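**Student:** Protein sequence lines, in the order shown, are assigned to chains A and B.
Counting from 1, position 67 in the first sequence corresponds to residue 74 in the numbering used here; the numbering is continuous, with no gaps.
Counting from 1, position 40 in the second sequence corresponds to residue 332 in the numbering used here; the numbering is continuous, with no gaps.
Since the hints were derived computationally from the structure, they do not count as laboratory data.
Quick caveat, the model's predicted, so the values are computed rather than measured.
Even glycine gets a Cβ: it sits at the ideal position worked out from N, Cα and C.
Check each hint, because a few of them may be wrong.
Derived pair list, reagent style BS3-like, types lysine-lysine, alpha-carbon separation capped at 30 Å [as the list claims (entries may be wrong)]: (1) A/27 <-> A/71; (2) B/363 <-> A/62; (3) B/350 <-> B/394; (4) A/73 <-> B/394; (5) B/361 <-> A/73; (6) B/394 <-> A/27; (7) A/62 <-> B/350; (8) B/394 <-> A/71; (9) A/27 <-> B/363; (10) B/341 <-> B/361; (11) B/353 <-> A/48; (12) B/350 <-> A/48.
Not the full set, but computed from the structure, chain A residues with beta-carbon under 7 Å of chain B [said to hold, decoys possible]: (13) 51; (14) 104; (15) 116.
Away from chain B, derived, C-beta distances all over 12 Å, residues of chain A [claimed, not checked]: (16) 16; (17) 24; (18) 31; (19) 36; (20) 66; (21) 74; (22) 85; (23) 89; (24) 93; (25) 111; (26) 122.
Listed here are the chains, written in short residue letters.
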Amino acid sequence: GAVVSQHPSRVICKSGTSVKIECRSLDFQATTMFWYRQFPKQSLMLMATSNEGSKATYEQGVEKDKFLINHASLTLSTLTVASAHPEDSSFYICSAPGQGNYNEQFFGPGTRLTVL
Amino acid sequence: AQSVSQHNHHVILSEAASLELGCNYSYGGTVNLFWYVQYPGQHLQLLLKYFSGDPLVKGIKGFEAEFIKSKFSFNLRKPSVQWSDTAEYFCAVSLGVDSSYKLIFGSGTRLLVRP
């Protein structure tokens, strides 16, 4: 089956530092990946659509200069939280549509970011 | 804007009770519908999905859902829950290629099954 991994699974950093989160499709290629944020006890909110070889598409209200997305290959998308602050603490999840069926997405295990 | 509503935020059941979780969406066109489950400390897993065809779909672990187009609903059901069903359940909608396959999630329902 289609497997999506994320690294790291958990990160704790000081306020003002930048954090990079990787999302990989392990056994398939993904020209598109999606990044979500999930606050405690809340649902997943789509942040942006990552497109291989082109700029990401951000949802309304998401700062593109704060959440930098790079989709440099068909199996890797990265989300960098620039100058992270405590309010950026959240659970970040990526997903990728399956090959041959873009209607079904496969989710990574998520990355818990805690900014002190 | 499209939205997904889950009316039950918290549900507590005893083992063997029947379960029905409501999900309604707001979009008049063709939709793809999903139910995902998130067990404590784990990532999202697909329970079932509806793209087309038979509106009653069966998923894993004995779950099923019924798509009622006239009611814009996709309720999740299970005849007899188990303690291991304790988790958070998310309904999601995709508009397919019309929305670049983005998923819109409901707010989730936390299910607690008491032994």
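**Student:** Quick check: which numbered hints come out false for this structure?
**Tutor:** 2, 5, 7, 9, 16, 20, 25
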